[in-house]
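Put the complex together from the two separate chains, hints included.
Protein chains in written order, with my numbering: chain A, 1 to 212; chain B, 1 to 149.
Be aware that a few hints might be false.
[To be verified] Capping the alpha-carbon separation at 30 angstroms, the derived lysine-lysine pairs in DSSO-like fashion look like this:
1. Lys210(A) / Lys86(A)
2. Lys116(B) / Lys95(B)
3. Lys210(A) / Lys70(A)
4. Lys105(B) / Lys14(B)
5. Lys105(B) / Lys20(A)
6. Lys156(A) / Lys86(A)
7. Lys95(B) / Lys36(B)
8. Lys189(A) / Lys13(B)
9. Lys13(B) / Lys119(B)
10. Lys20(A) / Lys95(B)
11. Lys169(A) / Lys206(A)
12. Lys14(B) / Lys119(B)
13. Lys20(A) / Lys13(B)
14. Lys114(A) / Lys70(A)
15. Lys114(A) / Lys169(A)
16. Lys95(B) / Lys105(B)
17. Lys156(A) / Lys20(A)
18. Lys70(A) / Lys58(A)
19. Lys20(A) / Lys210(A)
20. Lys119(B) / Lys189(A)
21. Lys119(B) / Lys20(A)
22. Lys189(A) / Lys105(B)
23. Lys36(B) / Lys105(B)
24. Lys58(A) / Lys114(A)
25. Lys189(A) / Lys116(B)
26. Lys36(B) / Lys13(B)
27. Lys14(B) / Lys20(A)
No lab work stands behind these hints: they were computed from the structure.
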Amino acid sequence: MTLILGKKSGMTQVFTEEGKALGATVISAGPCTVCQVRTEERDGYNAVQLGFEDAPVKNTRKPQLGHFEKVGTAPKRFLREERLDKPSEHEVGDQITATVFEVGQLVDVIGTIKGRGFAGTIKRHGFHRGPMTHGSKNKRAPGSIGQSAYPGRVFKGMKSSGHYGNSRKTIKNLEIIRIDEARNLILVKGSIPGSIGSLVQVQTAKTGVKKG
Amino acid sequence: MNVIDQIEAEEAKKFLPTVHVGDTVEVHYLIREGDKERVQLFIGTIIAMSGRGISRTMTVRRLVQGEGVERIFPIHSPRVKDVVVTRRGRARQSKLYYMRDRVGKSTRVREFVGDKARKERDSERERRDAFAAASEAEANAAPEATEEA
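With the rest of the complex left out, here is chain B (with noise of 0.2 angstroms):
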């Protein structure tokens, strides 16, 4: 493994919850309001990912009173705190900028149903969990590790 890709590794988020283009989300985004920090939903679909390894992003699409908004995340950014899939989406395209010229009914993503979604929901929802169990452990195991040293 070369040097960028070390970097890169520690770099990254240990979990990126799989996320495709079409698939409706919402992504919880840390913001700063004076000495406050809180977390803002940003829901919408993504009809674009770009960049590989570290430098990969999202972009959201969403309607805000009939204007379209567009925010591009770095998904590896310590700001976007978790993005969570409301609705999976089919697309026959990776990046789906034909939306931008749709108003109303059509701006919808074909849902993604049957059995294959459901798998992967279900698999997702393992990974996640075995994902956070781990990292629960993990603290729990730290503590007792500094006070023996």
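Chain A extracted, bound-state conformation (with noise of 0.2 angstroms):
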């Protein structure tokens, strides 16, 4: 798996060479710190531990400015661990640039979505709304959640209103469709999770099927 962690930019369009306009995201990817590269030996797995973006030291706890130190970076903000079939050949203190991925490669990205705090059915899980007019009284209600005397109660896990966003989401299969090595930018076919500026993960592609 190939990693690096950045942060939603914004989104744009392109055009391929054919004309066609393309939605796509841009991502300000790295460069990542490696932090820590966890051994067969000493950890039972194999891995790196990224880094993304300083954070400032007020603002990180002692325990964790201890950690940084030891690798002589800044604090970051953001750290996230890629495992790895065989040991790693970075060491601490390496830096992970945009440039680990290709043009057209698919990959995943990792984000939290946009929080929407207590959220009715209708948003939340996409029902139905009712009519609006002729003396309806079921604009946005949910409707009926179960039967009667016999079951008696409603079912578990029965779809309805509350809290809903601010969770972790992944978006597969996402087409790489530019990588700026300068500005260390990855441009994206389609929309990630989260707002601007919130922090994503790429990575490779679990399943790697391209969408459509």
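Pasting the structure below:
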């Protein structure tokens, strides 16, 4: 698995050579610092820990500061591990840039979706709405949630209103349409979770089946 | 300048002809016929412009054998080679969707004439020539630069 950490920069439109307009998301990816190397012998698995974006010292906890001091970098805001099949070739302190990916490659993007607070069933589960006029009293109400005396209860897992958003989401198999080495940018086709400036992980697609 | 604006500025065309809603235009559009590519003209009236930045589009309407045909062109598309204004129109609305209900003589847009129109046309011509000269100079300068290198 190849991983890079980044930040959603926004969306735009790019044209292909055939003149097709594609919706694209710009991700400011990397440079990431290798903060720790995990090995089979010591940790039971192979991985590297990547850190992205400097955080102010005053906002970093003391144990974390010690961790970064060992690496010899400024404290990082975003730490994630990249699992590897074989021992890593990287050493602590190495820099990883967007060039670990290629144009045309499929990636999964993991991020936190926008929080919607306490949301109704229409927004949260895509229920249909009732008629807005003709004396309707069922405008955005969920409707029936069960039967009668039998079973006499509401089944578990019934889709209902409640907190929605601010949760982890993976968008699978997005195509990389451009990589900008100079500015550390990755452009992927389609949208990704979160608002502008939210932190995301970009990694090799798990299934790798192209959409559409 | 943020990253999105930078990318859009690079992606966008360096020269865009000034067009307005109501203008009659020739759109030089690159079409593919088998393996060959050729430029097709689409002549009609601009009835709407929408979007901003790189995603700006214009809707061009024309009548073909009494049947209205509308095409939406992304103005920054590499397929749109050129847009030539053949007649300026004076439109009081930003969207001329009322054209869809009209037939015959009433489909015409009043022409934009007078000193202001002339002045704008001349300045537009100057801008076009200046850009053509600049890009030609650049094209001439580029081969020499590569030879030196």
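Status of the hints after comparison with the structure:
Between Lys210(A) and Lys86(A) the CA atoms are separated by roughly 27 angstroms; this keeps the pair inside 30 angstroms, and the hint holds. For the hint pairing Lys116(B) with Lys95(B), the CA-to-CA distance comes to about 22 angstroms; that is within 30 angstroms, so the pair holds. Proposed proximity of Lys210(A) and Lys70(A) is contradicted: the alpha carbons are some 42 angstroms apart, above 30 angstroms. For the given pair, Lys105(B) sits about 38 angstroms from Lys14(B) by alpha-carbon distance, which is inconsistent with the 30 angstroms threshold.
For a cut-off of 30 angstroms, the pair hint linking Lys105(B) to Lys20(A) is broken: about 36 angstroms separates their Cα positions. At most 30 angstroms may separate the alpha-carbon atoms for a hinted pair to count; Lys156(A) and Lys86(A) exceed this at roughly 44 angstroms. For a cut-off of 30 angstroms, the pair hint linking Lys95(B) to Lys36(B) is broken: about 36 angstroms separates their Cα positions. Straight-line distance between C-alpha atoms of Lys189(A) and Lys13(B) comes to about 21 angstroms, which keeps the hinted pair within the 30 angstroms bound.
With a CA separation close to 24 angstroms, the supplied pair Lys13(B) and Lys119(B) stays within the 30 angstroms bound. About 25 angstroms separates the Cα atoms of Lys20(A) and Lys95(B), which keeps this hinted pair within 30 angstroms; it holds. Restraint check for Lys169(A) and Lys206(A): the C-alpha separation of about 14 angstroms stays at or below 30 angstroms, so the hint holds. A distance of roughly 23 angstroms separates the Cα atoms of Lys14(B) and Lys119(B); the hinted pair therefore holds under the 30 angstroms criterion.
Our distance criterion of 30 angstroms between C-alpha atoms is met by Lys20(A) and Lys13(B), whose separation comes to about 15 angstroms. About 35 angstroms separates the Cα atoms of Lys114(A) and Lys70(A), which puts this hinted pair outside 30 angstroms; it is violated. In summary, the hint linking Lys114(A) to Lys169(A) is supported, as the alpha carbons are separated by about 10 angstroms, within the 30 angstroms threshold. Restraint check for Lys95(B) and Lys105(B): the C-alpha separation of about 19 angstroms stays at or below 30 angstroms, so the hint holds.
A hinted pair counts as satisfied when its Cα atoms are at most 30 angstroms apart, and Lys156(A) with Lys20(A) does not qualify at roughly 47 angstroms. For the proposed pair Lys70(A) and Lys58(A), the alpha carbon gap of about 18 angstroms is at most 30 angstroms, so the pair holds. Pair hint Lys20(A) plus Lys210(A) holds up; C-alpha atoms about 18 angstroms apart against a cutoff of 30 angstroms. As the CA atoms of Lys119(B) and Lys189(A) are separated by approximately 44 angstroms, the hinted pair breaks the 30 angstroms bound.
For the hint linking Lys119(B) to Lys20(A), the alpha-carbon distance of about 36 angstroms lies beyond 30 angstroms, and the restraint is violated. Straight-line distance between C-alpha atoms of Lys189(A) and Lys105(B) comes to about 46 angstroms, which puts the hinted pair past the 30 angstroms bound. Annotation: proposed proximity of Lys36(B) to Lys105(B) is violated, straight-line Cα distance about 38 angstroms (limit 30 angstroms). For the proposed pair Lys58(A) and Lys114(A), the alpha carbon gap of about 27 angstroms is at most 30 angstroms, so the pair holds.
Simply put, Lys189(A) and Lys116(B) have alpha-carbon atoms about 45 angstroms apart, too far for the 30 angstroms limit, and the pair is violated. For the suggested pair Lys36(B) and Lys13(B), the alpha carbons sit about 24 angstroms apart, so the restraint of at most 30 angstroms is met. Using a Cα cut-off of 30 angstroms, the hinted pair Lys14(B) and Lys20(A) holds, with the two alpha carbons roughly 19 angstroms apart.
Hints 3, 4, 5, 6, 7, 14, 17, 20, 21, 22, 23 and 25, counting from the list given before, are not met by this structure.
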